[in-house]
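Novice: Protein chains in written order, with the working numbering: chain A, 1 to 114; chain B, 1 to 114.
Quick caveat, the hints were computed from the structure, so don't treat them as lab data. Ideal placement from N, C-alpha and C gives every residue a C-beta, glycine not left out. Among the hints, a few may not be true.
To be verified - Derived contacts from chain B toward chain A, CB cut-off under 10 Å, selection only:
1) N31
2) Q37
3) L41
4) Y64
5) L103
6) T104
Claimed, not checked - 27 Å max Cα-Cα, derived DSS-like pairs, lysine-lysine:
7) K13(B) / K42(A)
8) K55(B) / K106(A)
9) K2(A) / K13(B)
10) K3(B) / K70(B)
11) K53(B) / K18(B)
12) K55(B) / K71(B)
13) K106(A) / K2(A)
14) K57(B) / K3(B)
15) K42(A) / K3(B)
16) K106(A) / K57(B)
17) K71(B) / K42(A)
18) K57(B) / K42(A)
19) K2(A) / K55(B)
20) K70(B) / K2(A)
21) K106(A) / K56(A)
22) K106(A) / K3(B)
Stated by the list, open to error - Stretch by stretch, here's where chain A covers chain B in the computed footprint (C-beta under 8 Å, at least three residues):
23) 14 to 22
24) 48 to 61
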Amino acid sequence: QKEVEQNSGPLSVPEGAIASLNCTYSDRGSQSFFWYRQYSGKSPELIMFIYSNGDKEDGRFTAQLNKASQYVSLLIRDSQPSDSATYLCAVNQASGGGADGLTFGKGTHLIIQP
Amino acid sequence: DVKVTQSSRYLVKRTGEKVFLECVQDMDHENMFWYRQDPGLGLRLIYFSYDVKMKEKGDIPEGYSVSREKKERFSLILESASTNQTSMYLCASSLPLSGANVLTFGAGSRLTVL
Chain A
1 QKEVEQNSGP LSVPEGAIAS LNCTYSDRGS QSFFWYRQYS GKSPELIMFI
51 YSNGDKEDGR FTAQLNKASQ YVSLLIRDSQ PSDSATYLCA VNQASGGGAD
101 GLTFGKGTHL IIQP
Chain B
1 DVKVTQSSRY LVKRTGEKVF LECVQDMDHE NMFWYRQDPG LGLRLIYFSY
51 DVKMKEKGDI PEGYSVSREK KERFSLILES ASTNQTSMYL CASSLPLSGA
101 NVLTFGAGSR LTVL
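All chains, full assembly: derive it from the sequences and hints.
Specialist: Following this line, the structure appears as structure tokens:
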């Protein structure tokens, strides 16, 4: 069974600071890695995905991937109260990508304190 | 924007009833998925489909079946609902994007089985 592990939190970060969210995965064959945000009572929405080692930036968000350590992270710069949500890490279900869906971690609850 | 529409936002059913959860996507995506989300357990894949009339079991298919008669519609069926199927059900569809299988979720259907 493929596993994706996240610290459940809550992770409390002051407004304007950098929030750092971490995720590890068990399947070395996984090739695509995703971060979703989920507000309370809402469905998950994609923030960004990454499939190459290193960093990928999109606005205030940076995803970092280290396949050797089987580790993915999400950095949120200049954190805003509206960033308070649960962040879900996900990896592709099957090695090499494909249509088999994603395996999700249980999520990290992030709280941005004004 | 891709739209994934789930027909019922909230349902209350009795033990033993047959339950249909409907999902429609409007972007001609080939891949569709059903997940359930429970506190402390996260998102778990029930079934997925990569083509009309095709279906594949996910991680927790027991007690569920699916139907995909048209490309845009993917139905989840609970043949005989039980209380342990009380959950939030999320439908998603996907299209490969830059080699990654990006899922877009519907708003969810919260099912309570009494």
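Novice: Any hints this thing doesn't respect? Which numbers, in order?
Specialist: Violated hints: 4, 9, 20, 23; rest satisfied.
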